[in-house]
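J.: Just so we're aligned: the sequence shown equals residues 96 to 194 in the working numbering.
Among the hints, a few may not be true.
[Stated by the list, open to error] Cross-link-like lysine-lysine pairs, in silico, DSSO-like; alpha carbons within 30 Å at most:
| # | residue 1 | residue 2 |
| --- | --- | --- |
| 1 | K124 | K178 |
| 2 | K124 | K109 |
| 3 | K132 | K178 |
| 4 | K189 | K132 |
| 5 | K158 | K189 |
| 6 | K124 | K158 |
| 7 | K124 | K189 |
| 8 | K178 | K158 |
| 9 | K158 | K132 |
| 10 | K158 | K109 |
| 11 | K178 | K189 |
No wet-lab data here; the hints were simulated from the structure.
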Amino acid sequence: MPFSPEEVETHLQKLEGWELEEGRWIVRKFNFSSYMKGIAFVTEVAAISEAFEHHPFITIDYKVVTLRLTSWEEGGITGVDIKEAQQYNEAFEKMRSAE
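Just need the whole structure built from these sequences, with the hints factored in.
T.: Set out below in structure tokens:
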């Protein structure tokens with residue numbers, strides 16, 4: 096069952112960088128110092144997504160990777176989207192701290 100708009104906002108307050116877009120997506124732009132670092136992040140995102148069996152929309156714009164999540168079958172944002180976003184944030188922080 097999807098979260099209500101209020102529940103989504105509550106969760107987003109705890110997720111650095113994520114925003115609600117069009118009332119049906121959670122979105123975050125990740126900035127990298129090089130194109131290849133962004134690509135490495137996308138590889139990590141793919142592994143996380145496969146583990147969840149839940150895949151984001153991914154846009155690569157040179158050194159910016161944008162992720163968009165929603166649960167189509169549920170008709171909105173669910174706990175899976177929030178948990179996955181948390182793991183993407185953790186992967187990003189791990190990559191950033193390794194620089």
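J.: Decide if the proposed pair is consistent with the structure: K158 and K132, CA atoms, cutoff 30 Å inclusive.
T.: holds (8 Å)
J.: Is the straight-line distance between the alpha-carbon of K158 and that of K189 30 Å or less?
T.: holds (17 Å)
J.: Need the status of pair K178, K158: alpha-carbon distance at most 30 Å?
T.: Roughly 25 Å between the alpha carbons, so the hint for K178 and K158 holds.
J.: Are the Cα atoms of K132 and K178 separated by 30 Å or less?
T.: holds (23 Å)
J.: Take the C-alpha atoms of K124 and K189, compute the straight-line distance between them, and say whether it is at most 30 Å.
T.: holds (16 Å)
J.: Below or equal to 30 Å on CA atoms is what counts here, so check K178 against K189.
T.: Status holds; Cα separation ~17 Å.
J.: Next pair to validate is K124 with K158; report whether the Cα-Cα distance is within 30 Å.
T.: holds (10 Å)
J.: With a cut-off of 30 Å on the C-alpha distance, tell me whether K124 and K178 pass.
T.: Measuring from Cα to Cα gives roughly 17 Å; hence the hint holds.
J.: Between K158 and K109, does the CA-CA distance stay at or below 30 Å?
T.: holds (25 Å)
J.: Can you confirm whether the C-alpha distance between K124 and K109 stays at or below 30 Å?
T.: holds (16 Å)
J.: What's the verdict on K189 and K132, does the C-alpha distance respect the 30 Å limit or exceed it?
T.: holds (12 Å)
Comparing the model with each numbered hint stated earlier shows that all of them hold.
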